[in-house]
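Novice: Sequence:
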Amino acid sequence: MEHEILRIFLANQWLTIPIFIILVIGVTLFWFGGLMAALTALGNNRWGWGLSSLVLGPITGFPYSLIYNESEYPKSLMIKGLLFLLAALALSLLAWAIS
Numbered sequence: 001m002e003h004e005i006l007r008i009f010l011a012n013q014w015l016t017i018p019i020f021i022i023l024v025i026g027v028t029l030f031w032f033g034g035l036m037a038a039l040t041a042l043g044n045n046r047w048g049w050g051l052s053s054l055v056l057g058p059i060t061g062f063p064y065s066l067i068y069n070e071s072e073y074p075k076s077l078m079i080k081g082l083l084f085l086l087a088a089l090a091l092s093l094l095a096w097a098i099s
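So the sequence shown is residues 1 to 99, counted in the UniProt record's numbering.
Derived from the structure by calculation, the hints contain no laboratory data.
Fair warning: there could be bad hints in the mix.
Per label pair, the in silico range of CB-to-CB distance [to be verified]:
1. I59 - W96: 24 to 30 Å
2. G43 - W96: 42 to 48 Å
3. L89 - N69: 40 to 46 Å
4. F20 - G43: 16 to 22 Å
Glycine included, C-beta positions come from ideal geometry on N, C-alpha and C.
Take the sequences, apply the hints, and build the full model.
Specialist: This is how it looks when you write it as structure tokens:
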């Protein structure tokens, strides 16, 4: 199975590099949004949300930004990151379907 996936991505190198770039951009935006949510939570004296977002990043930062309106910027970063991650997943599935 592992060699099959490697073979698929090596056979479609024209798609592998853009997938990797989109994936890195998505992960970066998603985690940076989580850290921004932590700073926003700590700035608004929401210590539980802030400390958990510092440790867990977007896992707790995303729910915090959906609940509280003061975190529009972190929410926009995490939504953009999630969209990039979903685009990378869709391109990966396309590369797999082509092979």
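Novice: 24 to 30 Å was suggested as the range; check whether the CB atoms of I59 and W96 agree with it.
Specialist: holds (27 Å)
Novice: Do the Cβ positions of F20 and G43 conform to the proposed distance bound of 16 to 22 Å?
Specialist: With a Cβ separation near 35 Å, F20 and G43 fall outside 16 to 22 Å, so the hint is violated.
Novice: Quick check: does the Cβ-Cβ distance between G43 and W96 fall within 42 to 48 Å?
Specialist: With a Cβ separation near 43 Å, G43 and W96 satisfy 42 to 48 Å, so the hint holds.
Novice: Holds or violated: 40 to 46 Å for the Cβ distance of L89 and N69?
Specialist: With a Cβ separation near 30 Å, L89 and N69 fall outside 40 to 46 Å, so the hint is violated.
Comparing the model with each numbered hint stated earlier shows that hints 3 and 4 do not hold.
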